[in-house]
Amino acid sequence: MSRVTTDAERNAIQQAFRQKLDEDELLNCMRCGFCLPACPTYIMTKQEAASPRGRIALMKGVYDGTIAYDDDIGRQLDLCLGCRACETACPSGVKYGHLLENARSAINENKRKTLKEKAIRKLTFKDLFPNQKRMRQVTGLVRLYQKSGLKKLAEATGAINILPETLRTMQSILPEIPDAKAMRERPVHLAPIFVDRPSAAETATTHANIATNEEAPINHNAENPVKRVAFFAGCLMDTMFLKTNEATLKLLQLSGCEIFIPPDQACCGALHGHSGEAAGARELAKRNIEAFEKLDCDTIVTNAGGCGAYLIDYAHLLADDPEWSERAARFSSCIKDLSEVLLECGFLEKYHLSLPNQVVTFQDSCHLRNVMQSATAPRRLLQAIDGITYRELKEADVCCGSAGIYNLLHEDMATSLIDRKMVHVQDIMPHVIVTANPGCLLQMKFGIKRRGLESKMEAVHIADLLLKSVSAQMEKRVDSQSFWVMNESRRR
Amino acid sequence: MLDKAFKEKLMAIVGQDNVLDSKENQVAFSYDATPGFQSLPDAVVFPGSTEDVQAIVKLCREMKTPIVPRGSGTNLSAGTCPVQGGIVLSFQRMDQILELDEENLTLTVQPGVVTQKICEYVEARGFFYPPDPSSMKISTIGGNIMENSGGLRGLKYGVTRDYVLGLTVVLANGDILHTGGKLAKDVAGYDLTRLMVGSEGTLGIVTEAILKLVPPPPSKMTILSVYESMDDAAETVSAIIAAKIIPATLEFLDRATIEVVEDYAHVGLPTEAAAILLIEQDGDPEVVKRDIQQIADICRKHGARSVQTAQTAEEAQALLTARRAALSACARKRPTTILEDATVPRSKVADMVKAINRIAEKYQLTICTFGHAGDGNLHPTVLTDVRDQDEMARVEKAFQEIFATAIELGGTITGEHGVGAMKAPYLKWKIGDSGIRTMQAIKTALDPDNLLNPGKLFVPDHANSVGTGNPASAPTQTAERMMKK
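Keeping their order, the protein sequence lines are chains A and B. Residues in the first sequence are numbered from 12 upward in steps of one, following the numbering used here. Residues in the second sequence are numbered from 345 upward in steps of one, following the numbering used here.
Mixed in with the good hints, there may be bad ones.
Derived coverage of chain A by chain B (criterion: at least 3 residues anywhere in the stretch with Cβ under 8 Å from a Cβ of chain B; other residues may be distant) [as the list claims (entries may be wrong)]: (1) 36–49; (2) 65–74; (3) 80–94.
Among chain A residues calculated to face chain B with C-beta under 7 Å, some are [as the list claims (entries may be wrong)]: (4) K57; (5) A60; (6) E98; (7) P102; (8) S103; (9) G104.
For the record, the hints were derived by calculation from the structure and aren't laboratory data. For clarity, every value in this text was computed on a predicted model and none was experimentally measured. Just so it is clear, CB atoms sit at the ideal spot from N, CA and C, and this is done for glycine as well.
With the rest of the complex left out, here is chain B (with noise of 0.2 Å):
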C-alpha cells in the first residue's frame, strides 16, 4: 500500500482509476515469465502521456521509489519483476499507433502496442516489421526495445535493436530525451539510440519510438527437416552458414521439446525423431527456391532422415506457430521450467548441443534444447521442481557450467532474454570487471539514485542465482518482502 499523500499526488497525476494499490493489483504486477522470481510493487501506475511519466519520475525522484517499467509481463530475466518494490509503471494505456510514414518507411508508436498487431497493421498495407519474439503476440513494442528482443527471423533480418530509429525517453532526473530521428545516417554524438535499447529499463523509460520498416518479402518457402541424431542437426546449421546461405529463420528442436509442442499445437511433427531443424527463406521466388534447394540438399548429406517442404502458407504458419509455444508448452512436462539462452558463435552450434546434453546427464537433469540455431542462440530448457531443493542446486550448477562453456566458446550468458535479476551474478563473466564499472559508470551518471528497474543487470558478488530459489537468490528476498507487506 502506497503512503497516502503519495498516492493523491500520483491520482493527482493520471488520474483516480490509473492508481492501482489493491493486494489483488500487487500481486498480478508482482511476476513476470521468470521462474521463481516474485516480489509486490507498492503500487501500479499506468500514464497516458510521456507528460504523465516525467511528472511521476519526478515524484518519485522527490520521494526515493523505484520505478519498473512494464508491458505485458513476458520477461524471461525477471527484467519487470519489482525485486525492490516501488512503482511498477505500465503501458497498457499508451497503445496507440501514432504515424505511418510510406516515404520514409518509418512507424511511430506508443510503446503499449502489441508487437504482433504493428506486424499486422504495416503488413496490411504492404511494409514488413521483422522482430518476432515468440512472445509477440503478448509483448509489446516498449518491452521488445527495452529488452533488445530477438526473435525466429533474427538470422536473416536482425533484432529490435536493427529497427529502432529513434527514440523519446524520459531519463531519472525527468529530461525528456529524443534519440535520432527518420534519418537513413546520424552520427550526430554518442548513438543513444542504440544505448537505450536492450537497457532493461535501468537508463530511461521509452514513452515513443520510431521504428524502421522494410518491404516485404514477396514469398516464402519452409522446409521440415527430421534427423535421427541430434549432431546430425547441430552440424547442418553450421554447413548452411558456411555454404554462405542466410536463411530467414533455423530452429532447432531437440526430441523432447519435439514431443512436448506436438502435443499442444497438432502440427504432425515427427515425435520419434532425435532432432529437427525448422528452416524458412524468403525474398524473390528465384533466389527462394535455389536457396531451399540447396539447404535440403545439405540437411540431406548431414544425414537428414527426410526434408519436407510445408504445402501452403498455412501450415508454414502453424508450424512456426507451433515453435513459439515451445517454452511454454515445456512446462507440460514439471512443474518447473527454467530456461537460458546462452549464445555462441554459430559456427560452434553443434558444439555447444554437445556440452549441453553432456551436462544433462553429468548433473542427471532433463534438459529440452530448442533455438536459434541459426543465430547459435539456444534455448536450453531445464524441466524441474523448485520444490525439490536437491534437484535445484544441481539446477544452479548445471548453468552455470552451460554459462561458463558457451563463454569459452566464444559466446555470452544472454543472447535476447537480457540479464534482469536473474542472470546478474553472471553478467560478469561475459564482460568482466572493466565491463561492469563502465556499464555502472554509465547508470550512476544517468541514474545516481538507482531509482529506474533498481536490482537489475548488477548485484552484489555473493548473489547466484538462475531463479532457483538458492540463497542469497531473489526470491528470498521475495519472501522476506512479501513478508513484510
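Only chain A is shown next, with the shape it has when bound in the complex (with noise of 0.2 Å):
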C-alpha cells in the first residue's frame, strides 16, 4: 500500500527519530538477546531482524545515522504484534513498546501515503473510532447484516467469497450485534448489590457461602460501597461486546463496587497509537482524562487487556505535555483490570462460584499480561470455580496473533500463530478457552473455527463466565430486573 521512501523522506524519518526516540531506552538493551524466546515473530521466523533486539538496533542504526531508513525496516517495524512479551522478559527493563510506537509515529509522520491509504486511515482514525455515535451506526450495520438474512444470503450464494479468508471467517464469529436502543441508552451509574451475610452462626463452620444461601436477603446499599470505581466501557466493548460489559458491571456490583460510567469517555486511543497517529491518540488520551478526573474514584476498571494497556500508557504519551502530564500519570495510575478489582473487593470470598464440570483453559491477552501486569488474578479467579477443571495452556502467554486489527493486516503471520496456538489448545482439549480482552476473543473464535471444532469448544470472555458460575445460584433466588439495578441512564 506504501511507496517507496524518497531521500528527502528518509531524512525527514531520520530527524523525527533523533526527536521522538529516547536515546537513553535505545541504549537500555544490552543486547542480551533474552528477549529472542519471548518474541511471537522471532518464534515464527527465526530471523534476528524480526526480534525485539534486531529492531532495536534498526531503530538505533537510523537514530545514530549509521544506517539510512528503508522500506525494510518499515516493514520490520510494521512486522512487531506489539504484544510487548519482550518487556516482561528483558531483565534491563527496556521499554519497547514505547521506541516502537514512537518509532512507528516518526514514520507515519514523515512518509506519504497512497491516496487509499490516507482515506482508510481518516475513515478509521478521524471518523470511526473517536466518534461512538459512529461506531454504533457502523455495529449497527453489521447487525442489519446478521438479522436481514444478508449474512445466509451470502454464506449461501458463496458471494462471502470475495473477501479474504481472515474478513470471511470473522464476519461469521462476530457476535451478535445488540439492538441500537441498548446500545445508545447506557448507564452513567450504578448501586453495588449487597447479599447480606447470614449471621455468625451460621456461617461458623464454612466459609461465607451466601449465593447459595436461600434465605440471604438483598439490598443496594449506595451509602456504604466496598469500593467506588468508574468504569471505562470501550468502544467496541460498549457496542459490539455490549453483553459482556453488562456482565462486567453486574460482578462489579456484586462485589459491593458503586459504579460511575462518564457518559463524554472517549475511545482510549490504542488502535491510533499502534498505527503511528500519535496526535490523534493523544486527543482522545486528553478527552478521557478529562472525563475521568471528575469523578471521585481512584480506580478505573477496564475489561479490555488492550485498553486497559493504553490507559495505562497515557502517562508516557502525555508526559511532554506540561499541561497534562501530571494528569496523565494520576489517571493511569487509578487503571486496573476486572479480575483485579473483584480480587481486591473479596468476590471470592462473598460468592460460591460453580459451574457445570468442564475444562477450562485461559489465553492471557498480551496487553494485559505484559502491560497492566496481571497474570494471576484471572487464573485465580477461573482456578475458584467449583466444576472446572483448569488446565494451563503452553504458550498462554504468546500472543495469538489478533494483535488489534494486526490480524487484518498480517494474515500471513496472524494465522500461522493462530494456528501454533491451536495446536497447543488441542492437547488439552478444554470445552472453554477464557480470555480477557475482544480482540483475543474473535481471534480464538477464529481458531476454533479453522480447525472445526465449534462443536468441542467455545471462546469467552471472563466476565461472561465469572457471571454464569454466580448466577447460576442467583438466578433462582433474582428476577433478572432486581438484580441488574440502574439508577440512572442517559441516551448518548
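Starting from the two chains in their separate frames, assemble the complex, guided by the hints.
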C-alpha cells in the first residue's frame, strides 16, 4: 500500500527518530537476547531482524545515522505485533513498546501515503473510532447484515468468498450485535448490590457461602459501597460486546462496587497509537482524562487488556506536555483490570462459584499480562470455580495473532500464530477458552472455527463466564430485573 | 552488499532465501551481547548441512572473505561481532537433535540447537546434560562449544568442554574433520576435540557434536545465605571448598546486584543485605541433606545473618532463574553495562572481592559483582555510560587493574566468556609471549589466510579495549566500517 521511500523522506524520518526516540532507552538494550524466545515473530521466523533486539538495533541504527531508513526497516517495524512480551522477558527493563510507538509515529508523519491509505486512515482514525455514535452506526450495520438475512444469503450463494479468508471467517464469528436502543441507553451510575451475609452462627463452620444461602436478603445499599469505581466502557466493548460490558458491571455491583460510567468518555486511542497516529491518540487521551478526573474515584476498571494497557500508557503519551503530564500520570495510576478489582473486593469470599463439570483454560491478553502485569488474577478467579478443571495452555503468554487489527493487515503471520496456538489448545482440549480482551476473543473463535472445533469448545470473555458461575445460584432467587439495577441512564 | 557473482554462488549452495544482505539484515547480524562492538557483515548465510558449510568455506577461501560463525549472538567478548566484515554463518537451520544413544549415554546434535532444549530433551528421557550458561534459554550448543561456556553448575560438573566427546568440523581448507567419538577413552593422537572446544570459531566450524550425558541427580536442595558484609560471604565460599564440600552451585551476589535482580524477578531477595550466596547441592538425598547441613553451619559460622532453604523445586528454580538474569538486570541502572569475568583460584575469592571494591572506589565507578564464586569466577560489572568519555577512560583503567590483580592472584582474564575482540589486548598478560606464539602457530597452521573469525584472540599490541570505545579499539574501526558501507 505504501510507496517506496524517497531520499527527502529518509532524512525527515531520521530527524524525527532523533526527536522522538529516547536515546537512554535505546542504549538500555544491552543485546543479551533474553527477549528472543519471548517474541512471537522471532519464534515464527527465526530472523534476528524480526526480534525485539533486532528491531531496537534497527531503530538505533537509524537514530545514530549509521544506516539510512529504508522500506525493509519500515516493514520489519510493522511486522511487530506490539504484544510487548519482550518487556516482560527483559531483565534490563527496556520500554520497547514506547520505542516502537515513537518510531512508527516518526515514520508515519514523514512518509507520504497513497490516496487509498490516506482515505482509510482518515476513515478509521478520525471518523470512526473517536466517535462513539458512528461506532454504534457501523456496528448497527453489522446487526442489519446479521438479522436481515443478508448474512445467510451471502454465505449460501458463495458471495462471501470475495472476502479474504480472515475477514470471511471473522464476519461469521462476530457476536450478535445488540439493537440500537440497547447500545444508546447506557447506564452512567450504578449502585452496589449486597447480598446480606448470614449471621455469624450460620457461617461458623465454613466460609460465607452467601450466594447459595436461600434466605440471604438482597439490598442495594449505596451508602456504603465496598469501593467506588469508574468504568471505562471502550468503543467496541460498548457496542459489539455490550453483553460482556453488562456482565462486567453486574460482577462489580455484586462485589459491592458503586460504579460511575462517565458518558463523555472516548475510545482509548490504542489503535491510533499502535498505527503511528500519535496526535489522534493524544487527543483521545485528553478527552478521557477530562471525563474521568471529574469523578472522585481512585480506580478505573477496564475489561479489555488492550484498552487498559493503553490507558496506563497515557502517562508516557503525554509525558512531554506540561499541562497534561501530571494529570495523565494520575489517570494512569487508577487503571485496573476487572479481575484485580474483583479479587480486591473479596469477590471470591463473597460468592461460591460453580459451573457444570468442564475443562477451562486461559489465553492471556498480551497487554493485560505484559503491560498491566496481571496474569495470576484471572487464573485465580477461574480456578476458584467449582466444577471446572483448569488446564494451563502451553504458550498462553504468546500472542494469538489478533493484536488489534494486525490479523487483518498481516494475515499470514497472524494465521500462523493462531494455528500454532490451536495445536497447543488441542493438546489439552478445553471446553472453554477464556480470554480478557475482545481481539483475543475473536481470534480464538477464529482459531476454533479454522480447526472445525465449534462443536467441542467455545471462547468466552472472563466476565461472561464468571457471571454465569455466580448466577447459576443467583438466578434461582432474583429475577433479572431487580438484579440489574440501573440508577440512572442517559441517552448517548 | 555482496558482489553479485559471489552472492549468486552462495545462493547456488544454500538456496536463494538463505543468503541475506539487505541493510536490515546486515544491522541485525552486526552485534552480539558485548557493549561497544558493532560492525556490519557483508551478508548472512544460513547453511543447512555440513556439505553446505564446506562449500561456503571453499568459496570464501577463493574470495578471501572472512567467515564468522554465529549461534544466537549472546557472546560477551565480541566473539561473534564481524569486526572485519565478511560472511556471518548462522546455524539457525541446523537445529536438530540427531540421536540419543541410551546405551552409550551420548546425544548427537547439530550446532544450532538451543542449549535449554537439549537439557529439557534429555531430562524428559531420564538423562542429564549439566552445562547451564545463564544464556541457555537463548544460546546454542554450537556457540557454547566454540566458547567453552560455563554456567551455574560448573563447580561440581565442569564446563562445556567436559561434555563434548566428538565433533564434526569444517576446516579453513575445506576439509571435513571428525574428532573423538562415542568413547569414554581415546588417546589416538592430539586431542583435537579439546583444541576445537573454546577456539572461538578461529580454527574451524563445528557442524555436529557428540555430547556426553550423565545420570540425573536423584535430589537437590537449594539454600540462600544472607550476609551483612561482603567479606563474610566471600570467606564463606573459601571455607566451604576448604571443608572439602563441592556443591553443584555456589553463586555470589552483592547488594547492587541483589537490588536489580529483585527489581526484575520479584523472588523475594533481601535487598538490604550486603551480599547473598545461592547454594545448591544435588545427589543422593542423604548426602544432599548432610552437605547442606554442613554448608549451612559454615555459613552461620562465617557471619550469615540467615540461612533459608527453598521449600519447593519451583522456589529453587525461581532463585536460579533470577540469578541468570543478573547481568541484564544490571542494565536497569545505567545506560551501559560492561562486565568482565576475571577468575581466580577459589581460595582467593575473598581477596578478589576486596580488590574489586577497592578499585571501584579508586576510579569512582559503580561496580556490581556477582558470579560463580565457587569457581573463583566473578563477574564484576561496571554500570556506566558510553557517552561519558571521562568515565569510560576510568572504566578502562579499572578493568586493567582488575585483570592485573586477577593474574597476580594466580587467576585469568576470562573464566568463561572468551577472549574475542574485547579481551584480545589482554591475552598476552595471561599467557605471555610464548603462549601467544604457540597459539598463533596453531592458528596459522590451520587457517593461514586468517579467514575464520579474524580479529579475535590476537590483535596488534597497541589495541586496547574492554569495549569502552577508546582509541584503537574495535568500536572505532566499526565507525569507519559503518561509514564505508
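Taking the hints in turn, this is what the structure says about them:
no. : hint  : verdict
1   : 36–49 : holds (count 10)
2   : 65–74 : holds (count 4)
3   : 80–94 : holds (count 4)
4   : K57   : holds (5 Å)
5   : A60   : holds (4 Å)
6   : E98   : violated (11 Å)
7   : P102  : holds (3 Å)
8   : S103  : holds (3 Å)
9   : G104  : holds (5 Å)
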